[in-house]
Amino acid sequence: MISIAIKYISVLRMNWIQALEYRANALVGVIAIMSGLFIEYQIWSLIFKAKGYETVKNFEFNELIVFIFLSIIIGQLKSSWHSSGEMIRAIRTGEINKYLIRPVSYFWYHFMMFIGFNSLYYIVYTLILIGFVFIFPGMIFNSFSTVLYFLPALFISIYISYCIYFIMICFAFWFGEVRSLVVSYNLAMLILSGQYIPIRFFPENILNIINWTPIRYLVDFPVSIATSLLTKQEIYNGFVLAIFWCLVLSIVGSFIYKLGIRDYEAYGS
Amino acid sequence: MVLRYINLWTAFFKNSLTRDMEFKMNFIGDLFIDTIFYGSMYFFWSIIFSYVDVLGDFNQQAVIIFLIVMYLTDTVFVFFFGSNTFTLNTMVVKGELDFVLIKPVNSQFFLSLRYVSSYAIVSFVILFFLLLKLLYDYHGQFYFMDLIIFIISFTMGILIFYCIEFIISCLVFWYRNFSVGGWLSSEMTKYSRRPDSIYKGKFRRIVFSVFPMAMITSVPARTLIFGPDIYLLSTQFLVTIVFLCLTRLIWIRGVKLYESASS
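Protein sequences appear in the order of chains R and V.
Following the working numbering, the numbering of the first sequence begins with 239 at its first residue and continues without gaps.
Following the working numbering, the numbering of the second sequence begins with 583 at its first residue and continues without gaps.
Please note that the accuracy of each hint is not assured.
Here are the simulated DSSO-like cross-link-like pairs (lysine-lysine), alpha carbons at most 30 Å apart as the crow flies [claimed, not checked]:
#  : chain 1 : residue 1 : chain 2 : residue 2
1  : R       : K289      : V       : K784
2  : R       : K295      : R       : K470
3  : V       : K782      : R       : K295
4  : R       : K496      : V       : K606
5  : V       : K676      : V       : K606
6  : V       : K772      : R       : K287
7  : V       : K782      : R       : K287
8  : V       : K838      : V       : K784
9  : V       : K596      : V       : K606
10 : R       : K245      : R       : K496
11 : R       : K336      : R       : K470
12 : V       : K782      : R       : K289
13 : V       : K784      : V       : K715
14 : V       : K676      : R       : K289
15 : R       : K287      : V       : K784
16 : V       : K772      : V       : K784
17 : R       : K336      : R       : K245
18 : R       : K295      : V       : K772
19 : V       : K676      : V       : K784
20 : V       : K838      : V       : K676
21 : V       : K685      : V       : K838
22 : R       : K336      : V       : K596
Not everything, but these chain V residues come out facing chain R in the computed CB check (under 8 Å) [claimed, not checked]:
#  : residue
23 : V584
24 : L585
25 : G611
26 : I629
27 : V636
28 : G783
29 : R787
Stretch-level coverage of chain V by chain R, calculated; a stretch enters the list once three of its residues show a Cβ under 8 Å from a Cβ in chain R [what the hints assert, rightly or not]:
#  : segment
30 : 749-762
31 : 765-774
Keep in mind that the hints were calculated from the coordinates and are not lab data.
We put the CB at the ideal spot given by N, CA and C, even for glycine.
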């Protein structure tokens with residue numbers, strides 16, 4: 239067990255070192271967050287002023303901006319353009335062969351790569367969040383318990399997101415190129431996961447559907463915990479459902495992967 | 583000279599079309615991406631307009647016209663330049679730029695227009711007719727003069743879009759490897775994907791001048807919605823010229839720095 243853990247931690251470490259080589263990525267990540275937040279700030283300040291709103295869906299203006307700020311950060315941490323692209327290429331070109339003949343799990347190897355590649359963002363965004371807590375006290379992480387709940391919720395969000403990517407990527411065993419599927423998913427999730435508008439603002443019928451999917455646990459759940467919008471009971475219920483989705487997606491992913499490997503002909507290698 | 587380059591581009595187009603037809607799933611996949619992109623942006627604005635009736639000068643109908651102009655800008659940009667600008671990073675890293683520089687053709691032209699994304703024609707046709715319908719619904723008639731001026735302003739918007747992407751991709755000459763160029767560019771051009779009326783104060787002046795994001799989509803859209811504004815159009819013309827010259831200068835300077843390290 240320990241040797242397995244060491245093996246995957248080595249993968250994580252390797253990708254971490256690689257990610258630290260490209261520090262400009264973190265700078266662009268910060269620009270992405272700030273520019274996204276700035277645009278949302280402009281839109282919502284115009285709406286609050288134009289309509290004279292005190293609150294929208296129980297959000298005061300400042301609370302809404304903080305919520306969007308956190309949502310953009312979580313949205314970026316759970317996204318994968320790089321790792322998913324690499325995985326698709328590996329299947330298409332036959333590079334996946336090297337994983338098949340080695341004592342490593344393709345799923346966990348790339349999960350560690352996924353985390354390792356994003357590790358630079360984890361560091362930078364954590365610093366931003368710590369700074370935010372001190373500069374604007376009381377806006378996020380009101381109590382230590384919110385931090386304790388937030389961290390596993392964030393981990394679950396990243397895991398669910400990775401599982402969804404993994405399932406989509408496995409279709410490359412049959413279709414060869416599934417880049418468009420992943421890009422479409424990424425684009426749709428920018429809005430649907432609540433990265434730019436809280437999902438509470440969505441029409442009731444769409445929100446009802448989203449509540450029955452894992453999408454809710456990608457961004458909204460961790461951010462709602464951090465901003466103290468959920469009661470303890472809602473947090474516990476949320477965790478139960480989120481873990482249920484982790485299990486379902488892991489099983490589906492593993493099933494599709496096994497089917498895919500059975501059909502895989504290594505034609506690119 | 584011009585005819586030679588038109589013939590060359592036609593050859594690029596034929597070659598790209600043949601390639602795209604070889605991989606039909608990619609062709610359909612790219613159309614699928616566009617549909618999702620259009621759908622998600624429309625959904626975003628429909629939620630915004632469930633809380634407000636007007637965003638500055640733009641009401642919901644005007645924002646939908648703005649969105650279609652934005653989609654058209656994106657489509658035309660992708661058609662001509664989309665598959666080219668950020669290949670520069672890989673070329674510089676691998677030293678493949680040598681093969682472009684030794685060709686008896688303007689290297690910036692070759693690099694910017696080599697691959698044509700033919701699938702964008704389908705999106706363009708659909709969006710163009712949708713725009714005409716929306717304009718007719720909005721005004722109750724067609725203003726052909728506005729449409730002609732729009733086409734000119736739209737072209738200038740595309741050129742500014744190209745200049746910004748190309749300048750960002752040229753940063754590879756200074757940073758040696760700038761793989762996040764595409765991401766940075768999409769974050770920069772995000773400002774052009776919102777109606778200019780949301781920007782206030784000094785920042786509004788900035789998006790109409792040194793950081794000309796409002797010149798890409800908002801000015802052409804305004805021409806269609808509110809009619810031509812001579813001041814805005816002449817500023818757009820000036821900004822286009824300045825940015826084209828800047829792009830050329832940066833390219834020439836960048837190529838001088840290129841060391842062909844990995845080739």
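Hinted pair V/K782 and R/K289, Cα distance within 30 Å: Distance ~17 Å between V/K782 and R/K289 Cα, so the pair holds.
Has the given pair, R/K287 with V/K784, been kept, meaning a C-alpha gap of at most 30 Å? holds (18 Å)
Would the pair V/K838 and V/K676 pass a check requiring their Cα atoms to be no farther apart than 30 Å? It holds: about 17 Å lies between the C-alpha atoms, which stays within 30 Å.
Between the alpha carbons of R/K289 and V/K784, is the straight-line distance 30 Å or under? Satisfied, since the Cα-Cα distance of roughly 23 Å is no more than 30 Å.
Restraint check for V/K772 with V/K784, where alpha carbons must lie at most 30 Å apart: holds (18 Å)
Is V/K784 close enough to V/K715, meaning Cα to Cα at most 30 Å? violated (36 Å)
For the pair supplied as a hint, V/K772 and R/K287, is the alpha-carbon distance within the 30 Å limit? holds (23 Å)
Below or equal to 30 Å on CA atoms is what counts here, so check R/K295 against R/K470. With Cα atoms ~21 Å apart, R/K295 and R/K470 stay inside 30 Å; holds.
V/K676 and R/K289 were given as a pair; does the straight-line alpha-carbon distance stay at or below 30 Å? violated (55 Å)
Would you mind confirming whether the straight-line C-alpha gap from V/K676 to V/K606 stays at or under 30 Å? holds (29 Å)
According to a criterion of three or more residues whose C-beta lies within less than 8 Å of a C-beta of chain R, is the segment 749-762 of chain V covered? holds (count 5)
Taking the closest Cβ pair, is V/I629 under 8 Å from chain R? holds (5 Å)
Hints 8, 11, 13, 14, 19, 22, 23, 24, 28 and 29 from the list above are not met by this structure, while the remaining hints are.
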